[in-house]
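Each number in the working numbering comes from the position in the sequence shown (counting from 1) with 1339 added on.
For the record, the hints were derived by calculation from the structure and aren't laboratory data. For each residue, glycine too, the CB sits at the ideal point set by N, CA and C. Check before you lean on any hint, since a few could be wrong.
Said to hold, decoys possible - In silico lysine to aspartate or glutamate, EDC-like type, Cα no more than 20 angstroms apart, as pairs:
#1 Lys1848 with Asp1752
#2 Lys1712 with Asp1472
#3 Lys1763 with Glu1866
Stated by the list, open to error - Here are the simulated distance ranges between beta carbons:
#4 Val1531 with Lys1555: 26 to 32 angstroms
#5 Ser1554 with Glu1821: 49 to 55 angstroms
#6 Lys1359 with Ser1602: 48 to 54 angstroms
#7 Leu1523 with Phe1581: 23 to 29 angstroms
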Amino acid sequence: MFGKNLSEYFINFNIKQKSKFFIPMVVLFLYFIPFFLMNERSSLPIIDNLDSNFVWEIILLRSNALFGAIDSIVPSVMGGIPRNCFPSEWNLVHIFFFVFEPYLAYLCNLILIHVIAFFGMYFLLSRHFIKEDLISIGVALAFALLPFWPFGYLSIAGLPFALYSFLNFRKGEYSFVDWIILALIPFYSWFVYSYIFLLALMICVWLYDAIRKKSKSVFLQSIIFMLLMFLFVEYRLIYSLFFDNSFVSHRSEFNVPAIIFPSIENSLSSGIELFLFGQFNSYSFQWVTIILSLIISLIIIYRKKLFKGNLNLFVFVSFVLISSFFYGFYYMLPMPNISGFQFNRLMWLNPLFWHLIYAISLAIIFHANKYGKIIVILLIGIQIGCLFCYCGDENTQAGGYGLIQNQRMNFHDFFSVELFSEVKESIGKPVDSYRIVCIGFHPAIAQYNGFYTAGSYQINYPLNYKDKFRTLIENELNKKMEIKNYFDNWGSRCYLFTSQTAIKSYSMKHGMQISPNLNSSAYQPLEIKYILSSVEIENPVENNIEFIGIFENSRSPWKIWVYATIV
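Let the hints inform the model, and build the full structure from the sequences given.
Given below as structure tokens:
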């Protein structure tokens, strides 16, 4: 009744089918070997990774707040913020952090994401789009080697599996495995980043089928089923958006256009850049061989008049064009402000569609002439080789040879546990009896080391706390309009900014000295007892602080000046 599906595939799994996965599994094995060899000396992304999501896991577990009540408070952050400001407890990643040490938990999460990405893309292509296993396996491996945002979980990596099941339901060739796939994905992904858009697209497909009188009720039921699963998993988000009146979120003041100053030229450039190169949280690496393959296939289609049989290719290309330029022009459009929800995240679907484009393009090239197979192997080999050697940046996670050659700050040095233990011992008080604020390094470092911090990177927190914290840094914000706009119109990084701060990295050069003008009247309301700085403060008296000491050692790149507030 259901035809060939995933459950039947595994039931009939034989030696021949195992052997075709040998090379991809070896490549993935080699991709992850450096993480084990280098251990905590591996370079992990800082932005939207170690500075936030990673340490949130640590905070929730240490404070026993993971399963906290709706009205519970997480005390170690920003004077205590609602538990609902953190992600849902119904996520598989929490198990890794509960069972393993943080670095190993991070690595388990990363490995699982990439393995699921490979099999999801392979089954999607081989079942619904491509007959040639060479192409399905090659494109699936290229997709699996993308530098996925580790804490995006399956928001991109799981899209192929979700689409695979939806298409099975649409054809009426589904099994219980498809229900399981749609049930489990919400427990390991983010609804608001990609799946809200995938579900919207599936609704459009269902409506298209309904108009053509070919719709199947089970297809609609599968869409509703996954939506309900996401609503269950994200119940804290739903409650915060529609039922919680206990606080106003800082997201209510989001005004990104005031930060980026959009113009037609900048928007057009942004759209073109996204189409050609992607975006750091949703890289597709289409600029290596995917666009080239598309161009070659379009030439073949034109010359051989193959337009009718390749409608999917034109639909998918149209989608990535629309989503790319929607992203580029988004902040010039009159979009509603729903608690800072970003509709331009539609482009999170681009990696999925770019690889569907890639597979279809390669299939066209494969059958073009007697050299087609060789060209396809060459294109796939180049794509995989570039991904394997990609060294990443502070936003993206590299693996394989790229991780080995990455020279940025590694996990061990970033958190410098030994150094900050010395700081804590010097202060000599229980960490819950005082709060610190950080200058020149991310508060996540202090949070990982057990400090209670006044500042933090949070995607949701009370607006009144932002206003209170702003009092501390208002003089510094007034010195530099770029930083003022960044804090006032976004503010998710509630940091102690100074006029010398580099916004993105929040870094300061070694050896530099600063003379901030802090509003010391804010120390007491924010419960700040100590300031930890990676640079020397030249004017402690003017800021009502007292120098305590300098901390450094050979095992850490940080040099920390500690000051006590005088209130």
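Exercise. Any hints this thing doesn't respect? Which numbers, in order?
Worked result: none
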